[in-house]
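Trainee: Listed here are the chains, written in short residue letters.
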Amino acid sequence: MAECSPVDSSKASRHTMDKSITLPPDEIFRNLENAKRFAIDIGGSLTKLAYYSTVQHKVAKVRSFDHSAKEAASDKLYEISVQEEVTPRLHFIKFENAYIETCLDFIKDHLVNTETKVIKATGGGAHKFKELLERKLGLRVDKEDEMTCLIKGCNFVLRNIPHEAFVYAKHADSEFRFQTTHPDIFPYLLVNIGSGVSIVKVESEDQFERIGGSSIGGGTFWGLGALLTKTKRFDELLQLASKGQHTSVDMLVKDIYGGSYGSLGLTGDLIASSFGKSATADKEFSKEDMAKSLLHMISNDIGQLACLYAKLHNLSRVYFGGFFIRGHPVTMHTITYSINFFTKGEVQALFLRHEGYLGAIGAFLKGAEEDNPNQYSWGENYAGSSGLMSISPDMNPMQRARSGTFDMLEMDRLERQLVNLSLLQDPSSYIPDTVDLTEDAMAREYWLDCFEEALDGVVKRAVASQPDMPESVERAEKFRHKYRHKLQTLRQQPFAYGSLTVRSLLDTREHCLNEFNFPDPYSKIKQRENDVALKFYQKAVRTLEALSWEERQFALVRGVLAGNVFDWGAKAVSDVLESDPEFGFEEAKRQLEERPWLVDSYDQWFHRLKGRPHKCALFFVDNSGVDIILGVMPFVRELLSRGTEVVLASNSGPALNDVTNGELQILTERIAAMDPIIQAGLREDRLTLIQSGSSSPCLDLSRLDKVLAMVVRERNTDLVIIEGMGRAIHTNYYATLSCESLKMAVIKNSWLADRLGGKLFSVVFKYEVPAGTGGLMEATVPPSP
Amino acid sequence: MDKAKSMVDKKGASGPFHAGQRSCNGHVNGCGNPGLASASGLENNHHHHHHVHRGAADAECNGSPAKRSRLRRRTESMRRHRPPFPWFGMDIGGTLVKLVYFEPVDITAEEEQEEVENLKSIRRYLTSNVAYGKTGVRDVHLELRNLTMCGRTGNLHFIRFPTQAMPRFIQMGHDKNFSSLHTTLCATGGGAYKFENDFRTMAELELLKLDELDCLIRGLLFVDRVGFNGHPECYYFQNPSDTQSCVKQPCTLDNPFPMLLVNIGSGVSILAVYSEDNYKRVTGTSLGGGTFLGLCCLLTGCETFEEALEMASKGDSTNVDKLVKDIYGGDYERFGLQGSAVASSFGHMMSKEKRDTISKEDLARATLVTITNNIGSIARMCAVNEKIERVVFVGNFLRINTVSTKLLAYAMDFWSKGQLRALFLEHEGYFGAVGALMELLKTTEDP
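The listed protein sequences derive, respectively, from chains A and B. Take the first sequence: its position 385, counted from the start at 1, is 384 in numbering that gives the first Met the number 0, and no numbers get skipped. Take the second sequence: its position 135, counted from the start at 1, is 134 in numbering that gives the first Met the number 0, and no numbers get skipped.
Derived by calculation from the structure, the hints in this document are not laboratory data. The C-beta atom is built at its ideal place from N, Cα and C for all residues, glycine as well. Treat the hints loosely; a few may be bogus.
[Unchecked claim] So, partial list: chain A residues that the calculated Cβ filter (under 7 Å) puts toward chain B: (1) S214; (2) G216; (3) W221; (4) M250; (5) Y256; (6) S259; (7) A271; (8) S273; (9) G275; (10) A280; (11) L311; (12) W604.
Let the hints inform the model, and build the full structure from the sequences given.
Mentor: Below is the structure:
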């Protein structure tokens, strides 16, 4: 059955809830001024509100000076300006039905400047609150089909949130194992366990079918549970269940057989008959035991049906949702157990991080069809989203209830549509991150400490980046508070935003910085470094030209590696850079590890260079300044000279001192003015600069700018170069590509170096040729002149 | 009798004598090695005919001297191989013990004299009572009369008692010195394993343990073949979708394979049966008869299955269950769900007001409907997955339970749009015990 959520609970909760809450508007209903396209999903106990709004925030832009005018005032390469930019953002807020009136009043009071006339509504409580919605908001209530909303919402989160789905494992090191979403999310089975159960097969965005269902669902657990235990609330029933022993109520195989039923492979502990032992008048059963037995009975039954349908329709991806699941560890555990039992592991029970929002998201999408939200990519904003709450049953359940009072999800519209890199060997198994900190407790502790220690420096630089704005100090403190709070949350709930990784920690920091209008704390540093480095470009090229071909190849690689030492993202380096600005390029080269490097396939690379030139190289660049100008550009120049086309992929938006596409455009023009090879490359379109679609110091090859992916395909790219710790070590270290790849990085973190068996400034030079390609044959071709 | 005859005539091999003929396979009555049985198959037919028409008294006479002599030879041969009386088959389930007892009615005077006293007393005790102790019951209406098994004619009695009474039963076996009869006690069901040791230590009895699913299928096919005292064993419901005109119709399992066999005892087992010896357990569910009774006891305070069913028959489940129309005001058209379909079993019970005013009868009815619908739903999915159109429901959950049988018939028909037919058997829960008895008759001949 469709989720026809039990509306009665709202009555029950009303008695106990204090309705006169004061809403903290800074945190909850944000950006209401420009809000439009409201949608609401009212379930049995929770209301989910959705709206579209725009966020005005500052972005750092670079603009080339008009050098022909010879502006004497500045010897700077380009000018940095902070501009206001408007980004669409989706807000989703979840709260208890008890607060609905207060919330509607609040919205009414703050909703100015909107042309909205309609609110899309779904959920079992939609009709009950219809009148209230119309009266309070003055909006016409437009009801949408629940299941359609649910599926639309499900498609949306699966497509836009990489770590949306997870497998639940109660006794594992981490309860949640997040799944990489298959690039093609269809087909899948959605088992929605509301008061009844609906089993829906989803084949495409608009094509889905209810293939089955059951009347034994959450309502049965609740209704029957209340009768048996005299316990009114759903959550309390679950709590009872988590403390009970079902074996005193259920008849097990061993109760009948005295042991297992060997010939059928049925173990003795299997339930032969649910409630089979309670068919007696002369025995009392505890509430806990009955609740547990009931929970098992219902979960097993649903699991069994889900398996039968999955088998019949040959589907292996089965997502579970509905209020019966809604983050409850007990039900996730029993459903998982049941699915494992009935399919012997062939089908995994998958749960969704934003399961509670699906209906609201879907209703919103229905109402926003004219904006066509599905043609964009959206990204979860870690700064504005609450994340998955701790659901460990051992934790204080009241804390869970309170923290769950207001839950938020915010999604930013990304400027670019993001797609997979076509050169991934197996997109469905690609995991960008090298270490999953959710599972690796030691690594998690280290990195959380590391980010916390670095926080002072980040705050300082943020303030320094806006010297003309005195209130920046206050904003920076707000940032500090927010990010520290995030780090603390992640210590308790590492799974809050999907798998915890160095990338997610970095991205969360960028989101928080943006939230408080520090769009680019490194803009000035980058500018200065670019200026300085550019002065040495010609000299560096001349030095390289003077070398023999063989020497030059090695020097070019060393140049890229040495340049990469200049990295404000790495703590060890930023300390040195800050204290000793004279730390130069030559010094960096001296610091480099001597060969053999920690990972060293230079010989193979060198051998390969003697062969036929690559058709096209895709180069993911890293830092500004020395790195890009003295390290990467000469390397690119050499590739161009060999006849290889080059696509330089740089960040769309700022992250640390990484060079952005805007900066790189200017830099490349300046270099082209000095260097005929670069100039010819640009002119002949053999050197192309394209933004990656990312604003992260790391790299997710499954979410790349659509234009970049297209160019890469069109040019028959046969070499991918990834540079830097963030992109080649924290992420993509194990990524396998269907073409040749080169990963270059200097390890600027002693803990990580230690982990990888190296030491500070150890070098990773990883050249890989996919198995079964003609790498060796090419290498036998005589060297090019 | 006429009916029996006409059925024999009409159905030929599938009539009561079929059992004898099938003995050539060494399975059905299991009474002969294949050679012997095939030679005597026709004879056996005749033999049985006499009983059908004249009763047991004149079993000795009739026929030409040659024929008689042949008959005697055969009988003697069988006698050597026949297990000693008493003949029992027992199925010890999670809730109920099912016992079948073959009462020979063709006992000769000679035999009568030889018969030891405690054997006689057992026979008298079982056949002259319809209730044993507080909880044992003989289902007189199920008795199969004048049945020929292993060359003997007699009545097959069907007795049940709660598994909880098992210790008392074993004690009785000890008190009556059952072990002195040197009979083999063929037992199936989980209790055969669980109580094996008790039988041995308390009553000096060795159980011959048999697989319950083997027994179930063998017993079912046997009873179906011999028929129910001239009537078909099998039935279905005509017009299952219309409560007014829904009527029980006898039918035959002429060509039973493949069939999906749904055995609803305390729990449920679902088997795909392709032939007498070829089957697989497809799945099972723990929501079975035990769940119905267990929940009913907790919800209503009732104590017996009969009581629970009695209450259920008077109740209205729609006061307990939430229907589609309770949520959508009518049909849920987007998904083609009728307003009268149950959306959430016990869904109304989420409301305290409704919990406070609900009757026990309504609760019992809802429990019954919930369990039954769920079994129907799983069975239907299995039938589709296994590509089997014939679904046979058995097990003691269906005893005196027309609410469930009709509901299952309706559910199969409705959800499959008429593709699936639900079939039922009169001896619902006893096939395992019958199968165990057949095993007794078979095994004793095997050298």
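Trainee: The structure should be examined with respect to each hint, and the outcome stated for every one.
Mentor: Checked hints:
1. The closest approach between the C-beta of S214(A) and any C-beta of chain B is roughly 4 Å, which is under the 7 Å cut-off, so the hint is satisfied.
2. The beta carbon of G216(A) is positioned within 7 Å of a beta carbon in chain B (closest approach about 6 Å), and the interface hint is therefore held.
3. Here the hint on W221(A) is kept, as its CB sits about 5 Å from the closest CB of chain B, short of 7 Å.
4. For M250(A), the interface hint holds, the least distance from its beta-carbon to any beta-carbon of chain B being 5 Å, beneath 7 Å.
5. Because the beta carbon of Y256(A) sits about 4 Å from the nearest beta carbon in chain B, less than 7 Å, this interface hint is met.
6. At its closest, the beta carbon of S259(A) sits 9 Å from a beta carbon of chain B; the interface hint therefore is violated under the 7 Å criterion.
7. Taken as an interface hint, A271(A) checks out: its beta carbon lies about 4 Å from the nearest beta carbon of chain B, inside 7 Å.
8. Hint on S273(A) holds. Least Cβ distance to chain B is approximately 4 Å, under the 7 Å limit.
9. A distance limit of 7 Å between C-beta atoms decides the matter here; for G275(A) the minimum to chain B is near 3 Å, and the interface restraint holds.
10. A cut of 7 Å between beta carbons decides the hint on A280(A): the least distance to chain B is about 4 Å, and the hint holds.
11. With its C-beta approaching chain B no nearer than about 6 Å, L311(A) sits inside the 7 Å limit, and its interface hint holds.
12. This hint is violated: W604(A) has a C-beta 55 Å from the nearest C-beta of chain B, more than the 7 Å allowed.
The structure does not agree with the numbered hints 6 and 12 stated previously, though it agrees with the rest.
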